[in-house]
Amino acid sequence: MNINLTLIGQAIAFFIFVVFCMKYVWPPVIQALREREKKIADGLQAAERAAKDLQLAQEKAAEELREAKQQAAEILEQANKRSNQVIEEAKETARKEGERLVAAAKAEIEQETQRAKEALRKEVADLALAGAEKILETSVDAKAHGEFLKKLAAQL
Amino acid sequence: MASENLTASEYIRHHLQNLTYGKHPELGWKFAENHEEASQMGFWAIHVDSMLWSIGLGVLFVWLFSKAAKRATSGVPGGLQNFVEVMVEFVDNSVKETFHGRSPVIAPLALTIFCWVFLMNTMDLIPVDFLPYLFHAAGVTYMKVVPTTDVNVTLGMSISVFFLIIYYSIKVKGVGGFVGELTLQPFGKWMIPFNFLLEGVGLIAKPISLALRLFGNLYAGELIFILIALLPFYAQWALSVPWAIFHILVITLQAFIFMMLTIVYLSMAHEDH
Chain A
3 MNINLTLIGQ AIAFFIFVVF CMKYVWPPVI QALREREKKI ADGLQAAERA
53 AKDLQLAQEK AAEELREAKQ QAAEILEQAN KRSNQVIEEA KETARKEGER
103 LVAAAKAEIE QETQRAKEAL RKEVADLALA GAEKILETSV DAKAHGEFLK
153 KLAAQL
Chain B
17 MASENLTASE YIRHHLQNLT YGKHPELGWK FAENHEEASQ MGFWAIHVDS
67 MLWSIGLGVL FVWLFSKAAK RATSGVPGGL QNFVEVMVEF VDNSVKETFH
117 GRSPVIAPLA LTIFCWVFLM NTMDLIPVDF LPYLFHAAGV TYMKVVPTTD
167 VNVTLGMSIS VFFLIIYYSI KVKGVGGFVG ELTLQPFGKW MIPFNFLLEG
217 VGLIAKPISL ALRLFGNLYA GELIFILIAL LPFYAQWALS VPWAIFHILV
267 ITLQAFIFMM LTIVYLSMAH EDH
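Same order as they appear, the protein sequences are chains A and B. Position one of the first sequence corresponds to residue 3 (this note's numbering), numbered consecutively onward. Position one of the second sequence corresponds to residue 17 (this note's numbering), numbered consecutively onward.
Hints are not guaranteed to be accurate.
[Said to hold, decoys possible] Dumping the calculated SDA-like pairs for lysine to any residue here, alpha-carbon to alpha-carbon at most 25 angstroms:
no.: 1; chain 1: A; residue 1: Lys40; chain 2: B; residue 2: Ala84
no.: 2; chain 1: B; residue 1: Lys83; chain 2: A; residue 2: Ala63
no.: 3; chain 1: A; residue 1: Lys41; chain 2: B; residue 2: Asn109
If you're looking for bench data, these hints aren't it; they were derived computationally from the structure.
Turn these sequences into a full structure, and let the hints steer you where they fit.
As structure tokens, then:
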């Protein structure tokens, strides 16, 4: 066993070999490891993001549900109000219509009464005239006593 | 041995000699001081360098991976955890593609084999004289730092796999099924001795081919590094660097092959024909 230049020759060779490995062998291996690491990191990040998104979506859904409920309540209230209003209006209209009908009926009754009175008056005048004729035994000239008859009728 | 000039063949022989501790027929238990003493020790000897380097690298693997496992997070993995996850995923996919049963042993076994063999092979890339010189300065004469160039190490691993093959064969198919598989194929029951010969050779060939493939590749690689080290020092890099670069492929491929074949053999042991 002797120490000689062989050792230096091997050192040179080893140095070149190590440099070769550093340049051509190590980088692809490290690159692959880095890529794997990055892929895992990305995956975990994506999962986290998805979880956050889910939470946001859930919150948004809850918010929207609450809003919808509120809206529904509002609509219901409005509808109730409106229906009350409609009922009120209908009542009013009905009352008015009723009053109008009553008024019309009254007017008609008045009219009928008037007409009946008129007819009665005429009848009475005629009866009075006939009675007078019978009493006088002569015909009464309607024309001659027209003025008188009219006065009579007006008094009735 | 120190400071004397070596011839080329002595240099090669020195580099291929393990640090052996064993029972010398005449001198008793001791570290072998040369090749002859080591070979005279016969079976009752142990390659201390192979043992220490392989166990040390195994401990390194276990320590690294357990450290990563303890600090594992479900978040973004950092450097070490990321690397360990890549390894585990790779081995797990290999196992899933090949082995379709359910076994708690095979995937960890495959991971250990791959990483351990890979680490042991990687020692091959360190210049052949660096560590031996270092140990020589510390007074240790022999030091072979690549455990997988020691056939004892590779055979030890493959024999463990062999026992697992037999264990799972018997566990899954029963003794009768295993014996039947060895004797009733491929020619039916009238050719039992012939079948047994064929299947027995096939069975024994598994661990031996597994061990010798790894040993042969790494031993040859190491030998070429040693031969290159005999060139003039200014010319060594021209051969040694390309061979080292090529060797990156070899060490990975051999570790992968050892792992894959283990999985394949064990999955065959799990299958009923």
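Right, here's what the structure says about each hint:
{"no.": "1", "hint": "Lys40/A with Ala84/B", "result": "holds, 19 angstroms"}
{"no.": "2", "hint": "Lys83/B with Ala63/A", "result": "violated, 47 angstroms"}
{"no.": "3", "hint": "Lys41/A with Asn109/B", "result": "holds, 19 angstroms"}
When held up to the earlier numbered hints, the structure conflicts with hint 2 and nothing else.
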